[in-house]
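Residue 1 is where the sequence shown starts when you use my numbering, and the numbers rise one by one after that.
Hints were generated in silico from the structure; no laboratory data involved. Do not take every clue at face value.
Computed Cβ-Cβ distance ranges for the label pairs, DEER-style [unchecked claim]:
| id | residue 1 | residue 2 | range |
| --- | --- | --- | --- |
| 1 | Thr727 | Ser590 | 34 to 42 Å |
| 2 | Thr501 | Asp463 | 23 to 31 Å |
| 3 | Glu93 | Gly130 | 35 to 43 Å |
| 4 | Pro155 | Ser81 | 22 to 30 Å |
Below, a list of computed lysine to aspartate or glutamate pairs in the EDC-like style, where the Cα atoms sit at most 16 Å apart [stated by the list, open to error]:
| id | residue 1 | residue 2 |
| --- | --- | --- |
| 5 | Lys520 | Glu579 |
| 6 | Lys376 | Asp429 |
| 7 | Lys265 | Asp307 |
| 8 | Lys480 | Asp429 |
| 9 | Lys166 | Glu184 |
| 10 | Lys166 | Glu144 |
| 11 | Lys100 | Glu60 |
| 12 | Lys641 | Glu679 |
| 13 | Lys132 | Glu184 |
| 14 | Lys641 | Asp734 |
Each residue gets a CB set at the ideal place from its N, CA and C atoms; glycine is no exception.
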Amino acid sequence: MKKLIFRNTGLVTLVSLLMACGGNNNDAEVPEVQTPEVVVPETPLPDAPEAAEIINGSFEEDAAGQTTPVGNWVFRPDQESSASSTIEVIESEEGVNAYKGTKAVQVTVNTLGDNPWGIEIAYEDIPVTGGKNYEFSVWAKGEEGTSADFWIQTPAPDYGQLSLVKETLTGEWQKITLTAATAEADSLVRLAIHFSKEENINKSIYIDEFSGFILDDVPAEEIPDVQYSEVTAQSLKALAPNFNIGVAVPAGDFGNSIIDRPEIKTIIEQHFNQLSAENIMKPTYLQPTQGEFFYDDSDELVNYAKDNSLTVHGHVFVWHSQIAPWMQSFQGDKAAWITMMEDHITQIATHFEEEGANDTVVSWDVVNEAFMENGKYRGEKTTSDSADESVWFENIGAEFLPLAYKAARAADPDADLYYNDYNLIWNADKLDAVISMVNDFQNNGVPIDGIGFQSHISLNSPDISTIQAHLQKVVDIRPKIKVKITELDVRMNNEGGIPLTYLTSERADEQKQYYYNIVKTYLETVPEDQRGGITIWGVIDEDSWLQNWPEPTTEWPLLFFNDYTAKPALQGFANALKELIEVVEPTPSSELLTNGDFEAGLDSWQARGSASITLDATQAHTGSNSALVQGRTETWNGIQKDVKGLFTAGETYNVSAWIKLSDDTSTVSPGVKLTLQIEHASTEYLELTPVTTVSAGSWVQLSGTYTHSITTQESVALLYVESNEITADFYVDDVSLTLLEQ
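Could you put the whole structure together from the sequences, leaning on the hints where they help?
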């Protein structure tokens, strides 16, 4: 450190004067005075922030007209065939079209494609230190009203979002600042600037002076008590009883499993009518070892759904990812690969397939993500992307797709079969390829029932007009197929530049509006007979996969906060349902019996005496089920139902049931009737229908009227079917009890 030295000469002068004025003629010796050194510490200059390693951030090392600048700059004027622009280094006077120096980049947009990231400049692979806060800046100028999106991302192929600023330009130079927090594992990031905006067509935007540096550690922000807009929606599924409103959850011992989480179950049972198996039906979970299938977790999910009157959307038979190591390294020729794939599909579909109303797994994603972003098959190696791999395409070829759908239909004739993929909601090249595949399927008799739009999207990106246009493309396919939004979540953070540490009320209301717009657009675009439904990819924000992809972050993409309370986004979803779903109130039924048609199984019915009763799906008068009565040893043995409290003194009732012998070749023609056992002051057995002869081969109706004359309160009331022939086994269906209007 430098020293500043001041010599105190004033002290020497003062001593000399005092000695002279003392009147002493003797010359006194004046002692030598040591001159003290006064050291004043220099105020240190603040250390300059550590700069990010960016080469040629000002373009001064380039020549005018250059399209491959020095450094890690990449210009992409047309990432898709339908987009075009010119991007090049220009020379200009400082302050005019160059912010500083004499060089800048000029971007002129000519035509747009569907891809909102189709026209791009990027600086790739900026070295960073993990776990630090960075500030990056770039200067931009464009005609008033033009705009661009400025991103800091993790490198390809993940392109994880660290920061985003959507900037509208003013005609003057503007400094765009992005703050990004790197994860501990991060070592590289990239800057990407996108210009695919309608307002930019035939206009120029200039970019100059890109730089970045590490910020000092920022103290943790105190999160305020935020007051969000009111949520009044009580039940999504009640607003749209015939529309699939799904949610993705696993069972088993996953951290976000529904098992042993009563709060999650309460939300599901209140708002949703369909479940998607998040991970537990993917190939690696269901067949971890060749020939050995593991169904414990998925059966647990399906049984929970069945117990709560929910359906299940199966996900997924065939995918290039999350397949067991034995599949990845499977050895065999094309025929062996086909057999292996078909066996996997057949075993799983057969396991979950059930008859009629008992069927819980009602639809499947048969194939997932078989196309790349350019519309070519994954595995065809038309790109340098490391994700362009698929053991199915590489070992079978494109033929694996129709073969998979044929195998699925053979194993489960009633399930809706979907093709599912990401980015279909905005990428026209990819969607057009999928539609072409569907058209080819239909022309060649390959079964397919729908297309699934995964829809992992960010707030207001893509815009609603793009979503509408892409849904419409699938709606217009002929013959008609279904349209399903299969994996919806809306990323919220980093959209405004500085990452948020909590969800503000303003941002929550933006999410509410976006969810409303998405659901409204779906319902307005997709006719009722083509609606496969909308599924949210998780229940509470904390459980979302976006908290850990592409690196740990804080996100709020779903409909419920971590404390299980509803977010404004739920109200947005509900508002769209209320506006666009017409709920027809059912005409009050005069039917007094519940489950007289056995479509809900044997619920509320019991065996009477020694008889046994079983649910049968092979014989039914109407619907899918009937009850089979066997093993009778007395005439009064049969099938019965508690009807206590259904009868009122003085009222008359129509009573009916349909009976069919179990043996169509039987020579027995028994008499059968409906009887009411009433216990009050005494026990009475009242004949409700005349004894009716039932012969083999066809359904016969028992029918009669009954006027209830008992005025005292009954303690027991049982309606039952009996026969005078104890060897007769018979089916019972459509038992009915209605009040006869006077």
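To see whether the hints hold, each was checked on the structure:
Our hint of 34 to 42 Å for Thr727 and Ser590 holds, since their Cβ atoms are close to 37 Å apart. Against the hinted window of 23 to 31 Å, the Cβ-Cβ separation of Thr501 and Asp463 comes to about 27 Å, which satisfies the hint. In this structure the supplied range 35 to 43 Å holds for Glu93 paired with Gly130, their Cβ-Cβ distance being about 41 Å. Checking the proposed 22 to 30 Å range against Pro155 and Ser81 shows it holds: the Cβ atoms sit about 25 Å from each other.
With a C-alpha separation of about 8 Å, the suggested pair Lys520 and Glu579 falls inside the 16 Å cut-off, and the hint holds. The hinted pair formed by Lys376 and Asp429 meets the criterion: a straight-line CA distance of about 9 Å does not exceed 16 Å. A distance of roughly 12 Å separates the Cα atoms of Lys265 and Asp307; the hinted pair therefore holds under the 16 Å criterion. In summary, the hint linking Lys480 to Asp429 is not supported, as the alpha carbons are separated by about 21 Å, beyond the 16 Å threshold.
Only pairs whose Cα atoms come within 16 Å are accepted, and Lys166 paired with Glu184 is rejected, the gap being roughly 27 Å. Restraint check: the Cα-Cα separation between Lys166 and Glu144 comes to about 14 Å, which is no more than 16 Å; the hinted pair holds. For the hint pairing Lys100 with Glu60, the CA-to-CA distance comes to about 9 Å; that is within 16 Å, so the pair holds. Under the criterion of a C-alpha separation no larger than 16 Å, the hint pairing Lys641 with Glu679 is consistent with the structure, at around 14 Å.
Between Lys132 and Glu184 the CA atoms are separated by roughly 8 Å; this keeps the pair inside 16 Å, and the hint holds. For the suggested pair Lys641 and Asp734, the alpha carbons sit about 13 Å apart, so the restraint of at most 16 Å is met.
In summary, the structure is inconsistent with hints 8 and 9 from the numbered list given earlier, while agreeing with the others.
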